[in-house]
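Residue numbers (my numbering), protein chains in the order written: chain A, 1 to 359; chain B, 360 to 718; chain C, 719 to 1077; chain D, 1078 to 1177; chain E, 1178 to 1277; chain F, 1278 to 1377.
There is no bait here: all hints are sound.
Derived DEER-like restraints, expressed as beta-carbon distance ranges: (1) B:L548 to E:K1229: 20 to 28 Å; (2) D:K1096 to C:A872: 22 to 30 Å; (3) F:Q1300 to D:R1121: 19 to 27 Å; (4) E:K1196 to D:Y1081: 26 to 34 Å; (5) C:R745 to F:K1296: 18 to 26 Å; (6) E:K1203 to C:L903: 51 to 59 Å; (7) D:Q1126 to B:D583: 31 to 39 Å; (8) E:R1221 to D:Q1100: 17 to 25 Å.
Hints listed in this document are in silico derivations from the structure and should not be mistaken for laboratory results.
Using N, Cα and C, we set each Cβ at its ideal position, and we do this for glycine too.
So you can see what is in the structure, the chains are spelled out below.
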Amino acid sequence: MEVLQLIQSNLLTPIILFFLFGIIAARIKSDLKIPEAISEFLPIYLLAAIGLHGGIEMRNAGFENMLIPMLVAIGISLLFTLNHYQILRRLGKFNLFDSYALASTYGAVGAVTFSVGLSFLKNQGVTSEGYLAAILAVLEPISFIMAIFLTNMAVAKQIRAKKQSFTNDDVSDIEIGIQETKTKLSQVLHESITGKAIVILLGCIVIGYIIGEEGFSSIKIVFDEMFTGAIVIFMIEMGIIAGQRLGDLKKVGAFLIAFAIIMPTFNGIIGVLVATTMGLSLGGAVLFGLLLASASFIAAPAILRHAIPEAKPSLYITSALGITFPYNIIILLPIMFIVSSIAHDVEGSIDLFNYITWN
Amino acid sequence: MEVLQLIQSNLLTPIILFFLFGIIAARIKSDLKIPEAISEFLPIYLLAAIGLHGGIEMRNAGFENMLIPMLVAIGISLLFTLNHYQILRRLGKFNLFDSYALASTYGAVGAVTFSVGLSFLKNQGVTSEGYLAAILAVLEPISFIMAIFLTNMAVAKQIRAKKQSFTNDDVSDIEIGIQETKTKLSQVLHESITGKAIVILLGCIVIGYIIGEEGFSSIKIVFDEMFTGAIVIFMIEMGIIAGQRLGDLKKVGAFLIAFAIIMPTFNGIIGVLVATTMGLSLGGAVLFGLLLASASFIAAPAILRHAIPEAKPSLYITSALGITFPYNIIILLPIMFIVSSIAHDVEGSIDLFNYITWN
Amino acid sequence: MEVLQLIQSNLLTPIILFFLFGIIAARIKSDLKIPEAISEFLPIYLLAAIGLHGGIEMRNAGFENMLIPMLVAIGISLLFTLNHYQILRRLGKFNLFDSYALASTYGAVGAVTFSVGLSFLKNQGVTSEGYLAAILAVLEPISFIMAIFLTNMAVAKQIRAKKQSFTNDDVSDIEIGIQETKTKLSQVLHESITGKAIVILLGCIVIGYIIGEEGFSSIKIVFDEMFTGAIVIFMIEMGIIAGQRLGDLKKVGAFLIAFAIIMPTFNGIIGVLVATTMGLSLGGAVLFGLLLASASFIAAPAILRHAIPEAKPSLYITSALGITFPYNIIILLPIMFIVSSIAHDVEGSIDLFNYITWN
Amino acid sequence: MKLYKVKLLTVTCEILAQKNIIQILKKHNITGYTTYEVEGNGARGLRGQGFKNEKNVKVEVIMREDKLSDIVEEISRTMFANFALVLYVNDISVVRTEKF
Amino acid sequence: MKLYKVKLLTVTCEILAQKNIIQILKKHNITGYTTYEVEGNGARGLRGQGFKNEKNVKVEVIMREDKLSDIVEEISRTMFANFALVLYVNDISVVRTEKF
Amino acid sequence: MKLYKVKLLTVTCEILAQKNIIQILKKHNITGYTTYEVEGNGARGLRGQGFKNEKNVKVEVIMREDKLSDIVEEISRTMFANFALVLYVNDISVVRTEKF
Ligand SMILES: Nc1ncnc2c1ncn2[C@@H]1O[C@H](COP(=O)(O)O)[C@@H](O)[C@H]1O
Ligand SMILES: Nc1ncnc2c1ncn2[C@@H]1O[C@H](COP(=O)(O)O)[C@@H](O)[C@H]1O
Ligand SMILES: Nc1ncnc2c1ncn2[C@@H]1O[C@H](COP(=O)(O)O)[C@@H](O)[C@H]1O
Ligand code: NA
Ligand code: NA
Ligand code: NA
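Please build the complete structure, drawing on both the sequences and the hints.
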């Protein structure tokens, strides 16, 4: 199937249609809204389902092969975060705070995006490695911690520089600054790791691993069969919020809009290729790419607002939810699927150059 | 099956029993309550399910035949609204505002009633035309717009009359009045059309039409199989609210109580017969009649409170929810089903007069 | 299967694992939380499902045999409440108010515990008598009413004693005290009986009885198939709340901790044996025992806070939810299952003494 | 617009004490009040996590000065000992004194 | 810390009247306000059970004294007759008067 | 009933700033406060749609006058620049001053 065709058929799945519907509802200023309690519950539910599914898969297939992909994911994630920072600070001329906040928003991962990816693969009849849920959990805090560490280092350096130019005898303020940085970092570390997303995800991976297919059977209807229906409801709300944010796009500016499309494409395709090289399956490579392509729009604000309060949330939320998320699930996901198909075909039969013409 | 028998068997279905249970819970002053977030979410869910179902049906069966029933429904709806007004104002001696508010409440449609109707037909093993969901969506705002238009015209006229008796040179106030009317009307129009009920209903009809049976399969468990279970839960809350309102019946008065039973019966049976004449199926005619018989108790207050603030909500909510809704789903629905059966039999085999005796 | 083995396999079921997960989430101070509307709705849903199930069973199996078990349950429940009071007041040295409050908390029943018991039996492939749901409903208020009656009597007596030592001519205050007691009692009686738990439970038993298997089929997916999935979600929240309370264990003290484990064990095993004697099935006897073993932690505070405001809720909530509930569902439930198996074996084949060695 | 001085009594207490407060108000012939659920911290610890019954509620009552003292006295006497509860009084101005 | 005297206007009304209040505020060039849903009892009976639209809302507006009178007058004139509504004014102190 | 004059500090701010406010209170040895979620509009635009984290919260603290100034100063200094936040002070009367 060709890219455009796949994009088109993806566009016509319930998940994407409900998302677009939500955007339209927001644009025409409808009062439609999923009640807060429901839209707060749905991500918990989705993460629980992802975790259980991952845990059960890991029990079935083992997780010996998990270590290398996880370490590679962490490494790439950190590299990408640094790369984002350089691009945003130097090319984009964003200030220190916004640059680090945006860099880590795009270095982090989006659990909702991952859910949509899982559903997409299910729809294509393709499976994936269960341990990717574990990688999702581990990647969550990584880029935040790095960005916060670097921001605080940079701020401390600035303070130090300023101090030295004024007086030379009084360094206690700098020490206080560094001390504060440490406190902040340990707080953020704690907040990240005990954040509900990671806790429910890791917890359910462990539970899924313990109970296996058999124990799962009694709750399968809720945590498996209703999965897509639940995403679809959540997508209405995501569409509404994204739609409300579209008005802020002018605040975001052309540079960041371009960044929010090009960067995920680059990160995602690298991800697919690296994953393929490490031996992940066709579907697994797509999800691995999606992890790297995705930006965080639920966890990010909660962490960054405390850690880098100087950064403008309107920038990082709007670009992650208003641009990157729709782009990722509508366009990039099919693209990565084709790339992964080609890459896996290559490995199997060195058919790369003939693929596009003949298939 | 005879009317009484059908009413009785309808009375013993979960939907009706849970509704009655809710009423009892309210009457004995129990603190039972469905949490607000759930009872706000359920109508959205029900409308989404109705819309998807309608859209899928329309894709399967086409919607060429939709136009005439829709135009007829709109026409009848407007006629009925005017008729209600005359009855309420002349016979019922209600003031201008209450008359128009009540007239449009009964001219409008009730989405919850429609859900119950769909479930009733499912229970009887009878299908209906998918495009009725579209008619539901279109009828929603029609009678409100008309009632508001007429109310404002009437008020403007009154103001004009008053002015002319005092001074003759100053008509600017009247112009302001008319201007205000226009503003109000365009506001109400916007509010109606972007109101969550219509938006979710129309949106889901379109989505259902696009995805069809096949695309629906992944969300079928949530939006089809759980439908009756969800209604049942919503019926508890509807029963509770209706039960709380029963105490207000004395405020409503004997005339309005009679109106709230006789009018829907008249409207509904006309609706069934007209629909049969237009060639709708047995089930379709029942739903068409139900649309005309139903009164709005969720959308109405939201619109009327702004548009005709002088009207007393205790009148129109209490009569629509406390009397007409229970009457419609418990008694009128089976009656209309019998009427539709007879009418369809007639068409097939001219058996009308023998039907009641022999069947 | 041996006790330890059964406890272990019970420990690894989703229900228990999610509960433990909730405890851990609370202990590491995660911000994970099931939104309030959901965790308020779930007990209503669970009770509705229990009621419907019970009602349908009663229609199938009749309820002629219900009377004696119900009367026996009431009698034992009252006896146990008095017994708890004596132990708490004399051995535990708690004050009058705390003693009565705790006595009735443990004399009352826990609907959540009962849900878990039903799921446990389902998992073991064992059925139970449907009328146990009715006994659950009736037991709810019994011990509260008794405890409140006794507390108020005791307080009135104290007041009288005090008065008589001061003046001899003025007894009006005592009469006021007794009058107040009566008012309080009738209030509590009304509150208990119209409390949402009992209302939904009894209502759904009646509805289940009326609709039977056939009428149930359209809502079976929601009220039967999703049951365990829903419990599992509720267990997260129960675990979180229990986990938050673990810090209060020192306030509870060693005596009450011991009481919260020994008392249910004693009550539960008595319950199993009595039920077996009355001819209940293996599963029915387990549930009967569980009713007597369970303590109330949702209904209790709502009633006791009004009826005995002097009693400390931190005592009765913490011990019932933080100690007894986990103990009951993790350890006592399997123990009672073994006891019931032995007892039922005995009846069949007098195999008691050989059972433990050979099986 | 002429404004008239009245009092605003605010009671923050555990949700299960709301009924008692409203009974006291009724006893003093006051039927107008506004309530909403809140969370809080105080001498009896953090309130608002866990069961809904363990949250707090605020009850706000606009009233004329003459009733204030008795009501405050009765709430203090009957409820301070057993319930998590804080109350305070505010001077406010309203348009329609006859409503209160 | 220097504090400046301003006014706090609080309007408690039925939820469907919130739009009207905010329109009046906008007309007087006030765009800052805080709102939250509440329940209540008053001349028009218990509000807060039943449909969400039958709850109340509180609208709180910090403003300078000069605008207060006109706004109170307009709300009184256009809304007292048809809506369940109570309003009151409070004297408060703020740090940044330029915000209001 | 004797009433004593104290202060009521009200902070309306974005939900994610609540932690900071409570930390500041703790630093000044204040552990009693009441909080609730609200929506609002102001210089930083409409707040309350969208994600829960984008709502506001009100933090209300009854305290004696002597602590007020320092706390207001610290909140102003550390938070006005980066957070959507409004604060105001009210004169109120309470029964039990020893609680605050
Ligand atoms: N200083 C205070 N300022 C504002 N609210 C308070 C204060 N102290 C207590 N509260 C509220 O009153 C409730 C009961 O207080 P307490 O009885 O001290 O636990 C708390 O949960 C808070 O909601
Ligand atoms: N005396 C009062 N104190 C506080 N709030 C009140 C009072 N009277 C009315 N209210 C509030 O204002 C709303 C409308 O009042 P009413 O128009 O009198 O029904 C009520 O539902 C309450 O929320
Ligand atoms: N004039 C005002 N009156 C009442 N609340 C306000 C006012 N201005 C701002 N607020 C509240 O304070 C929040 C933050 O304000 P701002 O920083 O101006 O965006 C708003 O979202 C409102 O909830
Ligand atoms: Na990423
Ligand atoms: Na109608
Ligand atoms: Na018990």
